[in-house]
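Residue numbers (the working numbering), protein chains in the order written: chain A, 1 to 486; chain B, 1 to 151.
Take these hints with a grain of salt, some might be off.
Residues from chain A that face chain B, not an exhaustive set, calculated with beta carbons under 7 angstroms [stated by the list, open to error]:
(1) Arg-157
(2) Val-435
(3) Ile-474
(4) Thr-477
(5) Gly-486
Stretches of chain B that chain A covers, calculated by requiring three or more beta carbons in the stretch to come under 8 angstroms of a beta carbon on chain A [stated by the list, open to error]:
(6) 127-138
(7) 142-150
Derived by calculation from the structure, the hints in this document are not laboratory data. This one's a predicted model, so the numbers in the text were calculated from it and none came from an experiment. All C-beta atoms in this analysis are idealised placements derived from N, C-alpha and C, irrespective of residue type, glycine included.
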Amino acid sequence: MDDEAVGAKVTRVAETKPVKIGWKRDLLQLAPFLRWLVFQRWFQFTLIVPNLLAFTIVILSGIFGIPVGAKNFSIIFVWIVWWALLIVVLVPFGARVWCAMCPIPAFGEWLQRKSFVSFVSQGLGLGKRWPRQLRNLWLANFGFLTIALFSPIVTTRPVVTGFLLLGLMAVAVVMHLVFERRAFCRYLCPVGGFLGLYSMAAPVELRRIDAEVCRQCRFKSCYRGSTPESLKVGGIGGYGCPNFEFPGGGMERNTYCLLCTECVKACPYGNITINLRPFGTDLLVEKGWKLDEAFKAFIMLGSAILYSIIMIGPWGTLKSWANLGGWGFLGYAGMFLGSILVLAPGLHLGMSALVRKIAGTRSVPLSEVFVNTSYALVPLGLFGWIAFSLAFVLPNISYAVSVLSDPFGWGWDLFGTKSYPWTPYAPGIVPYLQVPLLLVGLAWSVFVGTGILHKTFEEAQARKASVPLTAYLIGGTLVFLALYLG
Amino acid sequence: MQRNRFFFIGIAIIVLGAAAAGFAWVHRPAPTEREFEITARQFAFDPPRITVNLGDTVILRVRSEDITHGVYIDGYGIDVKVPPQEEAEITFVANRPGKIRYRCSAICGPLHPFMVGEIIVRPNIPLAGSAFLAMVVGVVALGYAWWRKEA
Ligand SMILES: [Cu+2]
Numbered sequence: 001m002d003d004e005a006v007g008a009k010v011t012r013v014a015e016t017k018p019v020k021i022g023w024k025r026d027l028l029q030l031a032p033f034l035r036w037l038v039f040q041r042w043f044q045f046t047l048i049v050p051n052l053l054a055f056t057i058v059i060l061s062g063i064f065g066i067p068v069g070a071k072n073f074s075i076i077f078v079w080i081v082w083w084a085l086l087i088v089v090l091v092p093f094g095a096r097v098w099c100a101m102c103p104i105p106a107f108g109e110w111l112q113r114k115s116f117v118s119f120v121s122q123g124l125g126l127g128k129r130w131p132r133q134l135r136n137l138w139l140a141n142f143g144f145l146t147i148a149l150f151s152p153i154v155t156t157r158p159v160v161t162g163f164l165l166l167g168l169m170a171v172a173v174v175m176h177l178v179f180e181r182r183a184f185c186r187y188l189c190p191v192g193g194f195l196g197l198y199s200m201a202a203p204v205e206l207r208r209i210d211a212e213v214c215r216q217c218r219f220k221s222c223y224r225g226s227t228p229e230s231l232k233v234g235g236i237g238g239y240g241c242p243n244f245e246f247p248g249g250g251m252e253r254n255t256y257c258l259l260c261t262e263c264v265k266a267c268p269y270g271n272i273t274i275n276l277r278p279f280g281t282d283l284l285v286e287k288g289w290k291l292d293e294a295f296k297a298f299i300m301l302g303s304a305i306l307y308s309i310i311m312i313g314p315w316g317t318l319k320s321w322a323n324l325g326g327w328g329f330l331g332y333a334g335m336f337l338g339s340i341l342v343l344a345p346g347l348h349l350g351m352s353a354l355v356r357k358i359a360g361t362r363s364v365p366l367s368e369v370f371v372n373t374s375y376a377l378v379p380l381g382l383f384g385w386i387a388f389s390l391a392f393v394l395p396n397i398s399y400a401v402s403v404l405s406d407p408f409g410w411g412w413d414l415f416g417t418k419s420y421p422w423t424p425y426a427p428g429i430v431p432y433l434q435v436p437l438l439l440v441g442l443a444w445s446v447f448v449g450t451g452i453l454h455k456t457f458e459e460a461q462a463r464k465a466s467v468p469l470t471a472y473l474i475g476g477t478l479v480f481l482a483l484y485l486g
Numbered sequence: 001m002q003r004n005r006f007f008f009i010g011i012a013i014i015v016l017g018a019a020a021a022g023f024a025w026v027h028r029p030a031p032t033e034r035e036f037e038i039t040a041r042q043f044a045f046d047p048p049r050i051t052v053n054l055g056d057t058v059i060l061r062v063r064s065e066d067i068t069h070g071v072y073i074d075g076y077g078i079d080v081k082v083p084p085q086e087e088a089e090i091t092f093v094a095n096r097p098g099k100i101r102y103r104c105s106a107i108c109g110p111l112h113p114f115m116v117g118e119i120i121v122r123p124n125i126p127l128a129g130s131a132f133l134a135m136v137v138g139v140v141a142l143g144y145a146w147w148r149k150e151a
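One chain only, chain A, in its complex shape:
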C-alpha cells in the first residue's frame, strides 16, 4: 500500500472512530454471589414472588378497600412508593431490572412455559408471531398516553388503580397464550416503553462477552433457547430471549432487555454477562435511533412538564377539568394531547431545522436530525421526572407508614403504625433538590447531544449545530425551573 492510500485509510478510521465509551467491568466477576444467583433457575421466580404478593394486596385493597386514596394501600404503594423506587432508583441505576421482577406478565409466562422455575422445552399456547406492522413502540406509546391522560383519575382512585392492574394482567395472560414469548412486554406494556427509553441511561448492561464466540456458535441459544445439543456443550438450560432480543447477535442497547437472565443460563459458552459501565452509553448507539422511540422521548418529557402544571401547580380550574370535570375535560385532553403530540414534536422539528441550517448541510435529511437529536432529551427527561416526582413523593410518602398497618382502610392496625400522622418530608427544601437534579440532567443532555451531532454531521458542522441544540436544552431546563421556582 502506498503512503497516500494509508493516509486515506487513517483519515477514514479517524472519521468513523467510535465515541470513546470508557471503561466496563464484568459485574458477575466482581460479585461472585450475584453470578451464583443469576445461574439459579429460581432467580427470577424469587424476584417476582414478593412483588406478586404486594400486587395482590394492591388489587384487593384497590377494589375492596376504602375509596380514599391517601388511606388506601393501592394508591400509596403503587403511585408513591413503587413509582419513587422505579424512577429514582431502579431505572437510573438498574435499567429494566423492574421488568425481571414485574408480576404483571408472571401468570401469562408461567402458563406459556408450563413451568414456574425449571426449563421445560414444551410450553402452552398458540405461539403466534406478532404482526410485523406492530413491531414497534407505537401501541405502547398509545397505551401510555391513554393512561397518562387519565392519570389524575387513575392515581387518585383506588378502584381504578385496582382494575387497571388486574386488566393489564388479564391482557398479559391472553397475549402470552396467543402470541409467542413476551409480546406483551415488548409491544404493549405502557410502562415498558419508557423503562426502555430511560434504561439506556443506566450504568448496567447485559451483553455478550466475546463477539467471536457468538459468531462461531451454532446454537444461538440466547435467542432460540437451550436445546439438548446446546446443553451437551454447556449452560444450565434457559429460554430464548422472552423479549425478542438476540444478545449473541450484538445487542448493543438496554432498551429491550428485561434482565431476566434467561440468555445467561442458556448460553452454552458462558459468554453472556452483566457489565458495569458509564451512565448513558446506549444513547449514542446509532443503529437504534427510531421515530417510535423519539416520540416516547417527547411523551415523557412533555408529560413531566404537563403534570408539573396540572398536578402540582396551583391552578384549580385545570385540576377540575382533568378530574373528569364535564366538558372541561375535553379542554384538558386537547391541551394534554396537543402539547405532547403536536407542540413538543413541532418545537423539536423547528430546532432540528435550525440545527441543520446552522450546520450548513443538506446531505443529512431533516427527519434524521429530528430522530437523532430526540435522544438528547433522554437525560433531561429522566431528571425532570425525578425532580417532578420528588415534589409529590416527599410530601406524601409518610402515608405509607399508616397504610401499611391498615391497607384497606378498614381500621386494622397490623403493625401499630396506623395513626402515624401525615408528615411532609423536607418541606421547603424540595426546590433545592430539584435544581441540582435538573442541572445534572441538562449537562448530561448537552454531552449526549454533542455526541449525537458528531455521529450525525461532520466535525465542523457538528460543532456549529451543537450551539442551537444546547440553547434548546437550556430552554427546556428553564421551563422546569420556572414551574418549580417561579
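Model the placement of chain B with the ligand on the given structure of chain A, informed by the hints.
Okay, now just chain B with the ligand, sitting in the frame of chain A:
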C-alpha cells in the same frame, strides 16, 4: 483566540448580572403588612398564587366553601385546619425569598394531595439564580464537550 473571547463575554455577563442584582437588592421595597382573602374549595385555593415582598408580614384569611381543608405551609412549620364556612387566620413573616408552596392538610377527596397554593416572595432570587446557573451549566457543558473532542 476564540476561547478568550468567550471567556471575556462570560465575565461581562456575570458582572452585569451581579450589578443588576445588586441594584434590585438595594432598591427593594420596605417590608409592610399584607393581608389576603383566600377561598379553599375542592381542590384548590383561590387566588391560586399571591405575591409578597421579602420581609413582609403576611396575613392569610382562609375560608372554606365546602368541607374541612387545611393549610400547611412548606418550610414554615404552620398547619391550620379550616372547617366549612369558617375562617382561619394565619400570620407569618415571609423571611425567605422564592416560591412558598402551601398545601391542604385535611384529606378532602381524591385530588387532595394536589391541592396546593403558591406564595411568591420577591425578589425571587432562587429562580433568577438557578436560571442563571442553568445557562452557565449549559455553556460550560458544551465547552467541555468541545474541548474533549479536541483532546
Ligand atoms: Cu383540601
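Unsatisfied constraints (hint numbers, rising): none
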